[in-house]
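There are 4 protein chains.
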Amino acid sequence: MQKYKVAIVGATGFTGSELVRILVNHPRIEITAITSESRVGECFSDVHPQFAGICDTVLIKAAEVSDQNTDLAFLALPHGVSMDYVETYKNQNFKIVDLSGDFRLSTPEVYSAWYPKAHTFPEGFETAVYGLPELNKKRIASARLTANPGCYPTSAILGLAPLLSAKMIDPDRIIIDSKSGVTGAGVKPGAVNHFSNVNDNFKAYGISTHRHTIEIKENAETLSGSAASIQFTPHLLPVDRGILSTIYARPAEEVSAEKIKRAFSDFYESEPFVRLRDTPPSIKQVRGTNYCDIFATFDETTGNIIVVSVIDNLVKGAAGQAVQNMNLMLGLDETLGLNQVPLQP
Amino acid sequence: MQKYKVAIVGATGFTGSELVRILVNHPRIEITAITSESRVGECFSDVHPQFAGICDTVLIKAAEVSDQNTDLAFLALPHGVSMDYVETYKNQNFKIVDLSGDFRLSTPEVYSAWYPKAHTFPEGFETAVYGLPELNKKRIASARLTANPGCYPTSAILGLAPLLSAKMIDPDRIIIDSKSGVTGAGVKPGAVNHFSNVNDNFKAYGISTHRHTIEIKENAETLSGSAASIQFTPHLLPVDRGILSTIYARPAEEVSAEKIKRAFSDFYESEPFVRLRDTPPSIKQVRGTNYCDIFATFDETTGNIIVVSVIDNLVKGAAGQAVQNMNLMLGLDETLGLNQVPLQP
Amino acid sequence: MQKYKVAIVGATGFTGSELVRILVNHPRIEITAITSESRVGECFSDVHPQFAGICDTVLIKAAEVSDQNTDLAFLALPHGVSMDYVETYKNQNFKIVDLSGDFRLSTPEVYSAWYPKAHTFPEGFETAVYGLPELNKKRIASARLTANPGCYPTSAILGLAPLLSAKMIDPDRIIIDSKSGVTGAGVKPGAVNHFSNVNDNFKAYGISTHRHTIEIKENAETLSGSAASIQFTPHLLPVDRGILSTIYARPAEEVSAEKIKRAFSDFYESEPFVRLRDTPPSIKQVRGTNYCDIFATFDETTGNIIVVSVIDNLVKGAAGQAVQNMNLMLGLDETLGLNQVPLQP
Amino acid sequence: MQKYKVAIVGATGFTGSELVRILVNHPRIEITAITSESRVGECFSDVHPQFAGICDTVLIKAAEVSDQNTDLAFLALPHGVSMDYVETYKNQNFKIVDLSGDFRLSTPEVYSAWYPKAHTFPEGFETAVYGLPELNKKRIASARLTANPGCYPTSAILGLAPLLSAKMIDPDRIIIDSKSGVTGAGVKPGAVNHFSNVNDNFKAYGISTHRHTIEIKENAETLSGSAASIQFTPHLLPVDRGILSTIYARPAEEVSAEKIKRAFSDFYESEPFVRLRDTPPSIKQVRGTNYCDIFATFDETTGNIIVVSVIDNLVKGAAGQAVQNMNLMLGLDETLGLNQVPLQP
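Residue numbers (our numbering), protein chains in the order written: chain A, 1 to 345; chain B, 1 to 345; chain C, 1 to 345; chain D, 1 to 345.
One or more hints might be untrue.
Put simply, identical chains are the same to the list, so a pair is met inside one copy or across any two.
Said to hold, decoys possible - No more than 25 Å apart at the CA atoms, straight line, and that leaves these computed lysine to any residue pairs for SDA-like:
| # | residue 1 | residue 2 |
| --- | --- | --- |
| 1 | K5 | K90 |
| 2 | K259 | D299 |
| 3 | K188 | Y115 |
| 4 | K90 | F125 |
| 5 | K261 | H210 |
| 6 | K259 | S229 |
| 7 | K188 | T12 |
| 8 | K90 | C55 |
| 9 | K5 | I31 |
| 10 | K261 | E42 |
| 11 | K5 | A113 |
| 12 | K261 | G303 |
| 13 | K167 | A252 |
| 14 | K5 | N25 |
| 15 | K261 | Y205 |
| 16 | K5 | A141 |
| 17 | K259 | D84 |
| 18 | K137 | R262 |
| 19 | K261 | M168 |
| 20 | K3 | R28 |
| 21 | K261 | C55 |
| 22 | K259 | G80 |
| 23 | K259 | Y115 |
| 24 | K261 | S229 |
| 25 | K261 | C43 |
| 26 | K259 | P49 |
Derived by calculation from the structure, the hints in this document are not laboratory data.
Same shape as in the complex, but just chain A (with noise of 0.2 Å):
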């Protein structure tokens, strides 16, 4: 069967192999361009050596992946990078997924109040469809940009959907506690995560501030149709992959723990990546995977709900959800290519 033909441009970074480690097992595509400004000629396989032998594709420069042999091209760059790409890009034929935050937000109003540096191609938000496919299928599915949601607002919306779409919660009184990974803090060196900082370690941060509370909170304001308040705390955890968020809500009705359950498996009856589980899940369950497991309860003494979800941050945090965004935009399977079995232990 005929293969389409995706670029990848970003090759350095955790979500750009990632991707690789997707796609080269999907059985309807074919990778034919990998990109690094700073590695140019080199093998993909000699910046990360676990390919060998599985994808050698000589880097090439960003600037020559062309319409010609790409039916779509995912963006892992950095935050303020990636939209440059975009801009570049803008009169070639081949569909984006972009993996940065520059497009996430609503108005690039917004994306400056919460970014570090004014937006420099603001007509990108005119056509660009927020990539969270529980939510926005058929919008994802006829996308030219698709903007691939971070990997902790994944975990948090796909944890509140339910609950704010039925009017089910409060949304002025949401609070998200979430624990994430390392490789969220990306592939660069630093103090933050060096392994004597991280090891045997954990911490809170960013603690009212992080840029992920305002993607969190215009979806939650989308979903239910009113202003939200998140309180959104993230923590550091001695681990490579992963990220559970333990979301506590206020009822907005009688609820029951069953009715909640309802809620959630109503929601998400045919989401192929979504399992909603009796016991609080673990973030190994679904590693190395595009899986987000759910728990959701009641406590009748306290009056709260209490949700945990956990996704693998670089899967459906990022490489695993962008390839589902893409086999959308492409008209495939939405699941092709994303049968990984999480790997535990």
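Got chain A sorted already, so can you dock chains B, C and D onto it with the hints?
For chains B, C and D alone, coordinates are given in the frame of chain A:
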């Protein structure tokens, strides 16, 4: 100078070995007995090889501990077992620090509602003092039986006490999202502490049902003078030691970040083991020590007060606090023998 | 295309779950039975929750496996138990890959000298083939019973085979310093795999006595055609998966780094799962995959040959190699279903 | 009692913070200066937050250290930088313990052959004493400049000294397979210590080329009185602290396990920091302490002597040994201030 004689009842667990780690260098203490029913006759360093040449005491049976050569006994025993020894020793003159949960709660009835068996020594509750020195220093100093607090409650109550006692927060809307290292689950091998179930993993457990909930609640009510509702969610970190509690509360009056911080600095002004921090602390910053590091702030956008507290669950959450209590009960300086420096990295 | 029917006997351990992880995506295999004596009637995903929605097969008893619906059975059972099932199934027509150590050695006598019990099915040795495909491909293809190699022996023999078969090294002076992840010690909780005994720790064990010593020695002697002396020292790494063996040997002739490398590239020229590296490999480079990565060099100063080999002990050291053997035994392409990409990070 | 005044030159690294961790509780030492060129004016606890309230000394420049208020200075500086400060301080009266590699080798020429630059202060070699107290106690006691040994060499030489000095082994056939925690690679962030490159991973590095090879070789030759050949292979463990060296040697005379053990117990009879063990030690058994635990045996089947030694690379392999040397140089009891108990778990 004369040394006090102490016995450690229960040698095989983590709290037993931590007590020895601290007490062997305590300038006013001589360990006169270490007991183990299962390994009697062996050396303490046979059970814990790291102590070779440091503490090679031969283990005896708990029944052999007497007030002839004991000023104070630590009970490092499981819940439900400790109460029997408190009864056994009731006519002995030595004081007791009980590290189990058997005398932490208000009444035998509350105990039976949360622990899996009926209490067999209800008289113990008449004299037992809850051994959190930052709250009960004077009562501990004159206690014969001190109930050493649970690890999670220590981190939670120290993070809430200034706010509750000043009535700055609503006691009915407290959320405590806690994360603990594996040693909290004890030394006995089981699925919960199998390396491959913990390493590179993370999960919530005991949602709404963990027995430390009631211990926190009772103390919160004492501090605030009114009914409290505690949403307590424990999680299991892939680390040996350390608890970090992220606490969310609603102000009961107008507050600011500055006012919150001042409440903490006033309350803990003369406390040697509480360190107030300007940035969120990490668990390794207190590893191996009796410190509780606390960060507190107010989020103006959401209106939530957020407190992050960290302890070493085996030290301030168990053996270190027990030694702090011992110091008070023996009339010694509270900090004696507790000058360990955090082991970081 | 027609699918072969396979049974997995023994579902609760790590090798059982790894077999399922690999086989659920194998294009020519249908898992028709998974057995467990202790958890019969439960779902496979009850035992291994990561498989929810992926493999929910109900567990049956091993006695119910028959050649009606089985082309090949994997025995993922402990040493000493597996032999009983090989005997039980002796009149069944299906082929067997035995992942235990029961048929790896040359004779029942050698077995009894190294394993803790006498062998109860000595006839098995007559037909069993040692299932290291890189050495025994043809014999495996026609075997009815394949004895899947041990994890340490796989890493050691693949690191030595080119040198031994070319008689380039003295078989009497081989030192194998191996380091393994914890899953090698099995799923059953015990002191050896308690998180706090493993995390941030490292130790040697079984010096001179580990039973994989004889398995390596027998293969070394077959390869070299003369008596071998093997100094084998296993160590326990604080990781889930992976074995790295550092091998020291003395040349039996004049050698150079170049000549050593050529011996390896000649020997493994057509082997799909051996990757020769120019720098020492790390265990994460093969995590989750059937690769064995090897680095070999010669130190002119000391006159030693040094080989470093890495595998994933659960894949090339167990389940992956078993599937590779299965492919050969069923006449399939050796690599079918084994296209997993290393999970790094 | 009068306290000696010490300066710590170089505050930002792991050895700097370990020196403070040990010295703040040393009964005869006062830290009068801590220096940092890059963070002058900040508090030591700004750089290492775990020291808040324990050591808040303001950092000064190294040039401000003088013999007015200094009896001894520790140089916790990188290789190649330390030599400049030894020269700078050459007319000061205080003694120096240099923790770098600048004066560990026999001559400036040997230094230049293994380290990346020419030595700029060759006179230093005339007086420098190699600071391994178990070998050079008397010379250290009268030294003005002590070169604190490397971490790997400490573990290797202590594991070999009894055998080499008794001429029980062939110095020409020694293999040292060492495994170290990440702190050995320093505090500066880089790919080598990025959490995701280390966690759940393991690799060899610097095969045949690591500069500790020559340090081990020179000491082995001094001990044995003849030329030595050292095969030294370092590996990187996913732990913060600890080195385990597995040493293989060939007997030069008839030996037995008993005879080997006796050689060790005779040699280390009066050494307070060497603990001989009957089973192979683990690195956590010495974590945070100045102990070196050693297991030695003889394998009759292979004819090899096997020694396993463990140290904490930051303590006996760096700061602890430096304090031990300081004690000797100041005429204090060698063990003063070094009574830390292993932090396990």
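Under the constraints set out in the numbered hints, which ones does this structure not fulfil? Per hint list: 8, 11, 17, 22 and 23 violated.
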